[in-house]
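Q: We have chain S; now place chains R and U onto it with these hints.
Listed below, chain by chain, are the residues.
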Amino acid sequence: MTITAVDTGKPRSGTEQRPRRTMGDTARAYLLNAPAMIVIGLLVAYPIGYSFWLSLHRYNLKLPALERFVWFQNYLSLIGDPAFLSSLRVTVAFVVVVLGLTVILGTALALVLNETFLGRGVLRSLVLLPWAMPGVVNGLMWRTIFDAKTGALNGLLLQLGLIDSYQAWLTSPTGAFLITAFAQVWNTLPFTVIILLAGLSTIPSEQYDAAKVDRAGVVQRFTQVTLPWLLHPLLIVLILETMNAFRAFDTIYVLTGGGPGDATNVIAVLNVRTVLTYTDFGLGSAYSWVITIVTLVISIGYISTLYQRGRIEV
Amino acid sequence: MTKKVVLHVLAIGFALYLVVPFYWIVNLSFMHEVDAASVPPHFLPDNPTPANYLGFVNPSTDQALVGSNAVGDTPYALLNSLVVAFSTAVVNLVLGTFAAYSFSRIQFRGSQLLLIVYLLTRMVPGIAIIIPFYLVMRTLDLLDTYGALILSYTTFALPITIWILKDYFRTVPRELEDAARVDRCGWFRMMWTVFLPISAPGLVAAAIFSFMTAWNEFMFALFMTSSISSQTIPVIAANFATDLNTQVTLMAAAGVLAVVPPLVLVLICQRLIVQGMAAGSVKG
Amino acid sequence: MTPQTSFSRRRVLQLGALTASLPAIGSVLAACGGGGGASSGAVKFSGWDYESALVQQNVDRFVQLNPDVPVEYTPITSAQYVQKTVAEFTAGGGPDALYVYDDSLAGWVAAEYLQPLDGMPGVDEVYAGIYPSNAEAMTIDGKRYGLPYYTDSQCLIYNEAILAKAGISAPPTSLDELEQQSQRIKDAGLLEFPIGLTAQLQDTWWAWVWGLVFASGGDMFDEAGNPVMDGADPTARNVFAWLQRAATVSKVIDPAVLQLLPVPLDDAMKAERYAFTVGARYALRDYNDPSRSKAAGKLKIAYVPSLDGNVAGTVSNTRMYALSKDTEVQEKAFKLLTYLGGFTDGVPYTAKYWFQKKGLGFPFKKLEEDQEVQSTLATFADPAIYSGLAGIARPRTAIKQPWYSEYENEQQKAVQQLLSNQTSPDDAVKGLSATVTSLKQKYS
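Protein chains in written order, with UniProt numbering: chain S, 1 to 314; chain R, 1 to 284; chain U, 1 to 444.
Bound-form chain S, shown alone (with noise of 0.2 Å):
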């Protein structure tokens, strides 16, 4: 996937050929997307014009009665509102995690079966395996490893000596967050991984050869020829991974429900929950904006950092 910063006044080999766009052609060009606005069209557009319509108003299914238009007051009321606040410390520190980790952990493993390696090929199959398990099942594995009573990893560390007696890992705050964030990695490295390591190979070999007659380190090798190749693919994971981690639910609905106090309690939780169950239609869905919005913003801010810095274009 391409950004589109990069794409505008980038000429292409097949554009080169017809610099002078007909209107034939842009005719063509909305046949061919036709299809695809059509099923986005009537089955999104709708729903998204109908949210934000919806977070415009007093809307709680509970109060029939109070129902109006407030205008932007759903999300001026934010500001206030604590519970908003703590879940978007909460989801500021996840979202920081999971990206911190995911791009660490998926750098490194890229790298690592970027190299030729006996059993390569295995570890290269076993990286995909998470990218099967659906959020929800991923959750009910971890419950049943970090169980405090017949948990795996009590076990293990027991019998490893490391601790005296079965801990109740999900119950400190600190430990329910970040074996939520821990278990949000595990799940969604494998998307990661196959996008860098997809970048990793188009790298033309002769760069590498390059740098080894200039001798360079390992480290230099890494930050001049790999790290520039991997920008872009980099940019695309921050991106998709963001709009993941903005709106991880499935698993930490299944593991902490949001606990202990407001530990895990990140705001897609919270937006779940202020919807389904307090059937607060309107603040809920100015709770979906936000995230919306936040997600966009943060996502240019990551094009135009690298686009202006001129990195973009390798």
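Any given hint could be a false lead.
[Stated by the list, open to error] In silico EDC-like pairs for lysine to aspartate or glutamate, Cα to Cα no more than 16 Å straight-line: (1) U/294 / U/272; (2) U/357 / U/308; (3) U/442 / S/164; (4) S/149 / U/289; (5) U/332 / U/72; (6) R/3 / S/115; (7) R/4 / S/115; (8) U/294 / R/35; (9) S/149 / U/112; (10) U/358 / U/345; (11) S/149 / R/33; (12) S/149 / R/35; (13) U/270 / R/33; (14) S/149 / U/427; (15) U/442 / S/81; (16) U/294 / R/33; (17) U/165 / U/192; (18) U/325 / U/118; (19) U/440 / S/81; (20) U/325 / U/192.
What the hints contain is simulated information worked out from the structure, not anything from laboratory work.
A: Same frame as chain S, now just chains R and U:
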């Protein structure tokens, strides 16, 4: 030399990280329920039993009680998941190919904006649209059918599918098309016989991506379905967790079954997936 | 709903219909689906999926007795029941007859999902025959909305054998005594953490918190739904202080309770990993069933311990059957409702069925004297205490407030923070009181 050592240590470390958690539920799935709760835990089943898996075909009275017949439903849920995920992948490829072709070959007004709009639809959280979406499905009389799920997941996966495909299509040399055109070959025929076969890695990568999106999704599946005629495996897996008669070994077995079909699929296609994604990852 | 309301549920429906401009796609896709066919005047009946096979059996029996009333029964995952039902009603496709939690009743009445049953045949008799707390829980603004499914009240469940090993002959009556007895069990090396509870965040209530406060004669709210926990009534604060002490100082409450859901707690009780818990009476039926529990026969019922040792009360819940407002088969649906939640030939057949099969608490006073019920009860709990609890139980005070579910969630979080020593009892009650104030503002 040190590099080799570091490499192998890292490789083994990552292999353990990836496989040990899954191994634990595989291990549980072959245990008797009593052993699953033992302290210290058994890292190998003492006397392994296939009973949990056999239960899905022919549940015992105890097993049948779990999760309002979640055990009996599991094979059907797997089938439903397969049908839904496969159909989602196919529908996505068809719709995505047309759209992606336009982005890769035609310079047209609004193309940038359209691409962004596609992606924007993926930034809105599912919970925001689930109620109106439910309504649309109800109006179309699609609730509790495969149709509702296939349509939902198509809209989820289509934007990314288009992005993956358009990048791959750009790597296909234009000369091939021109050659086909010289042969007075129609566009559809050209696509079918020349363009798409060459784009196979991109198509596979996009198809797998949509398949996984459909396979893993939980919340829409929960809301759009109400019976085993369309419930998918995450919905049934959740039943194992919430029920009063739950058995952790059965739940583990269902979890393992939920992972196997997509895993087999990605293992078969792994080389093509990386190739297919490579086009877009780097080319500007 | 007033006519000038900007968007009523029906308006939502119209908007939905507008988008359905491609019915052709619809029918094609429906064809590859499977289910989803239009029903032929059958009563659509849905409930959470507790023992759905037994429900189906009972419904089948009803259909046999009433061949003119076909019933389509749909069980829905318990954890998502409320959410899914709300979605169905919002989209205009709700069931005709359905289970309702007392927690949801007021909200669903306000949202106009349900219709009152006043004046329908047999309703007065039902309400005259049930415990006052159940009648109160099913009445909103003077109108009756439900026929009872089951009720249960919170009790102390203790493992007599473990207590005996520690040299204790009688269960605790006060919270201090509960702590001391737990300490003795701990000191005797029998169990590291004698008290188990369920304290992972859930969308359903934590009955035991309310049970502990009501048992000590206090409440979180006054009659009008104003918070009293941070002022007029110190009970909640003192109960919170005890909880925190028991969890973090004497360490008799298992720290792992924060990740314990109801099912694993039941498993732990049956495996004798805890000596005490506060739970619903019907759990004892399962705990004392030799085919399902290693501890069968050892688990006993007692009044919930209080701050001062006196028996002052407990909390009860009421699960009910209700009738949807927009049902097109009202008469048939009500027939089903009567079969499930009322009398058949003078006997509350279904209520008794559930008690006999699963021990679910019966809402009908008369069943206390029923011979079969008595003999079943004797197999799992002391009948005197069992009935005594039903007599003193009352529903949650704030349950009919529109903000109740938000409050319950905050209360669960506060108790989690107390148990893990993240807050103090004073701050907890202050915080909850402030929560109520801001929720009231939000809902006014």
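Q: The structure should be examined with respect to each hint, and the outcome stated for every one.
A: Consistency of the hints with the structure:
{"no.": "1", "hint": "U/294 / U/272", "in the structure": "holds (8 Å)"}
{"no.": "2", "hint": "U/357 / U/308", "in the structure": "violated (37 Å)"}
{"no.": "3", "hint": "U/442 / S/164", "in the structure": "violated (49 Å)"}
{"no.": "4", "hint": "S/149 / U/289", "in the structure": "violated (23 Å)"}
{"no.": "5", "hint": "U/332 / U/72", "in the structure": "holds (12 Å)"}
{"no.": "6", "hint": "R/3 / S/115", "in the structure": "holds (11 Å)"}
{"no.": "7", "hint": "R/4 / S/115", "in the structure": "holds (10 Å)"}
{"no.": "8", "hint": "U/294 / R/35", "in the structure": "holds (15 Å)"}
{"no.": "9", "hint": "S/149 / U/112", "in the structure": "violated (45 Å)"}
{"no.": "10", "hint": "U/358 / U/345", "in the structure": "violated (23 Å)"}
{"no.": "11", "hint": "S/149 / R/33", "in the structure": "holds (15 Å)"}
{"no.": "12", "hint": "S/149 / R/35", "in the structure": "holds (13 Å)"}
{"no.": "13", "hint": "U/270 / R/33", "in the structure": "holds (14 Å)"}
{"no.": "14", "hint": "S/149 / U/427", "in the structure": "violated (31 Å)"}
{"no.": "15", "hint": "U/442 / S/81", "in the structure": "holds (10 Å)"}
{"no.": "16", "hint": "U/294 / R/33", "in the structure": "holds (14 Å)"}
{"no.": "17", "hint": "U/165 / U/192", "in the structure": "holds (14 Å)"}
{"no.": "18", "hint": "U/325 / U/118", "in the structure": "holds (13 Å)"}
{"no.": "19", "hint": "U/440 / S/81", "in the structure": "holds (14 Å)"}
{"no.": "20", "hint": "U/325 / U/192", "in the structure": "violated (53 Å)"}
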